[in-house]
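*Asks:* Residue strings, one per chain:
Number of protein chains: 2
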Amino acid sequence: VRLAVLGNGGFGTAMAIAARRIGHDVTVWGHDPGYTAEIQASRRNPRYLPAGIEVPPGIEFTADPHRALAGAAIVLVAVPTQNLRAAVGGLVVALPAGVPLVSLAKGLEQQSGLRPSQVLQELCPGHPVLALSGPSHAEEVARGLPALVVLAGAGPEERRALQQALSDQHLRVYRNDDLLGVELCGALKNVMAVAAGIAEGLGLGDNAKAAILSRGLVEMMRFGQAEGAKPETVWGLAGVGDLAVTAFSQHGRNRAFGVAIGEGRTLEQVLAATPKVAEGVWTSRVVRRRAEELGIEMPLCEAVCRVLFEGLPPGRAVRELMERDRKREME
Amino acid sequence: VRLAVLGNGGFGTAMAIAARRIGHDVTVWGHDPGYTAEIQASRRNPRYLPAGIEVPPGIEFTADPHRALAGAAIVLVAVPTQNLRAAVGGLVVALPAGVPLVSLAKGLEQQSGLRPSQVLQELCPGHPVLALSGPSHAEEVARGLPALVVLAGAGPEERRALQQALSDQHLRVYRNDDLLGVELCGALKNVMAVAAGIAEGLGLGDNAKAAILSRGLVEMMRFGQAEGAKPETVWGLAGVGDLAVTAFSQHGRNRAFGVAIGEGRTLEQVLAATPKVAEGVWTSRVVRRRAEELGIEMPLCEAVCRVLFEGLPPGRAVRELMERDRKREME
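Chains as they are written, first to last, in our numbering: chain A, 13 to 343; chain L, 13 to 343.
A portion of the hints provided could be inaccurate.
[Said to hold, decoys possible] Chain L stretches covered by chain A per the calculated footprint, using a threshold of three residues with CB under 8 Å from any CB of chain A:
#	stretch
1	124-132
2	144-156
3	229-243
4	255-264
[What the hints assert, rightly or not] Beyond 12 Å from chain A on every Cβ pair, some chain L residues (computed):
#	residue
5	55
6	58
7	138
8	216
9	248
10	250
11	314
12	335
[Stated by the list, open to error] The calculated EDC-like cross-link candidates involving lysine to aspartate or glutamate, where the alpha carbons are at most 20 Å apart (straight line), are:
#	chain 1	residue 1	chain 2	residue 2
13	A	242	L	50
14	L	288	L	44
15	A	242	A	322
16	L	242	L	309
17	L	242	A	189
18	L	288	L	134
Since the hints were made in silico from the structure, they are not lab data.
Predicted, not measured: the structure shown is a model, and the values here were computed from it.
Glycine included, C-beta positions come from ideal geometry on N, C-alpha and C.
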């Protein structure tokens, strides 16, 4: 079928390559006409993917929304959460009626606190909206290495149809009926990955990182339960699977962002150094605010916010976390 | 206090160094008189720890059980599960009456299927038996990098006293009242780490490894619930925390064992190449047998067994796992 990807970042491009491998006709929309023309001509995406990854024939890059979306039967929305409203707002006129939208973003909108699928639903009433998540680093997906992901949202029929359309022997899509949980996991794991990166930047080692992962998962569970997500989702590919790869893999950009902070750079310095968006940075503030409203404790998330936005030295943040009372693990 | 460590492997030595840092008088028993004398003289443990790690003064290495155990108020048992019965059986006569035993092993005994604490309880009636577990790679513990671990077993008073005795600002001990769950997690995570290593050895990437971690955690949960463990334990430091570090960290010996298998070496070749024991290898068979008795599915554990002991090619094992029906994630 015809499949459009909105966004020419690393994961958008990787999913375009995966969809082409499955046999779809793929167009990728990007907001920057100069850069989309460069990718289209060079068959490389050097800003967001390693040089060795080639974009195969049968994928067209364009900055023209009508050209990108005409005749599309599936639209993958690969725009970072904080840019979603502005980017998709300008594309709505070009969307074919009723085409399903699959969000790939992993964050929460700063102003509204909304999940990406909620933003899309607001902007595009009448379209089924889904979210695809799970451990799926762009570079590996582009190379055709195996990845297991989950697809949530819309109704069971649409999920099943999209599962079929997006799966092959490399990328395996599992259905999940907990859209809320899948999106919250995606957003929260990025915050925890920043925390893990900060610990790494401080030179604290893998035991400390594993402790952060395990504590972070408890915070994710607590937040998810308070919002009504299913515990099984937090355990699954979208939760612990994605958290582990984001926190430990060398590919993880939220982790890498945290490493730079842990090594002593400021938020402004790290933001200026890369075009890649670390969604966890902005999402940490939304989660902290919402956790306060819900009356739940999120010490790791709070520490990330204070380090990023309030000048708390990373080393002191870690000491404070370590110095919480010795108690029974689950109290 | 006087603290004895039974076993001079990597983790036993690391815990001796941690206990010495806390201020205890430490003796370490090893079964090999030549090698204990070598450590005692050189203040290095080259078989099991990197060359840069020095054993500080105030820790004595000996092969004499009476010398090691005389006056000990705490005994840490750092012997691999499959050697536990033979090693501790010979030391029982030297144990001070009623001294608490803290097991550090992470496996299940092949013949009996018993957990390490059950083996110790059988051998040493009248002694409180506990287990310490969680993400705690020896090298990092020895270096004084932060680690959060859990302590389970015995009664609440003994747990609290031992928590105090073993914690400082580097090594933080949390109490957990689910000894069964803590020990099952330690045993099972090693099996899953072998699986993750096999995938790595095959060159499958971090997304695949994260998928294995997430699926492995579901198997751990299923097994734990069938045996009566608490779900919170599987989520916690002893479960997901330890699994993540074992599967992703470069220190993980079960992971490294799996990598060698994934690269095409045989079980016999890998066993011959290192003195370090990968507990997951032997434990996989116990878990598979028990899972059959319990009537629960453990496809990852089964695949590990078939690859290690029945000649199933690792690549085919992974393909079989990937080709299971596409279905809802949690079905």
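*Asks:* With reference to the structure, classify each hint as holding or not holding.
*Replies:* Verification of the hints:
1. 124-132: violated (count 0)
2. 144-156: holds (count 7)
3. 229-243: holds (count 3)
4. 255-264: The restraint on the stretch 255-264 of chain L holds, since 7 of its residues have a Cβ under 8 Å from chain A and three suffice.
5. 55: At roughly 22 Å from the nearest Cβ of chain A, residue 55 (chain L) sits farther out than 12 Å, so the non-interface label holds.
6. 58: Its Cβ never comes within 12 Å of chain A, the nearest being 21 Å, so this holds.
7. 138: 26 Å, holds
8. 216: 6 Å, violated
9. 248: 5 Å, violated
10. 250: 8 Å, violated
11. 314: 18 Å, holds
12. 335: 8 Å, violated
13. A:242 with L:50: It is violated: about 55 Å lies between the C-alpha atoms, which goes past 20 Å.
14. L:288 with L:44: Between residue 288 (chain L) and residue 44 (chain L) the Cα gap is close to 15 Å, so the pair holds against 20 Å.
15. A:242 with A:322: Judged against 20 Å, a Cα distance of about 33 Å means the pair is violated.
16. L:242 with L:309: Given pair residue 242 (chain L), residue 309 (chain L) holds - Cα atoms ~19 Å apart, limit 20 Å.
17. L:242 with A:189: 25 Å, violated
18. L:288 with L:134: 26 Å, violated
Hint check: violations occur at hints 1, 8, 9, 10, 12, 13, 15, 17, 18; the rest are consistent with the structure.
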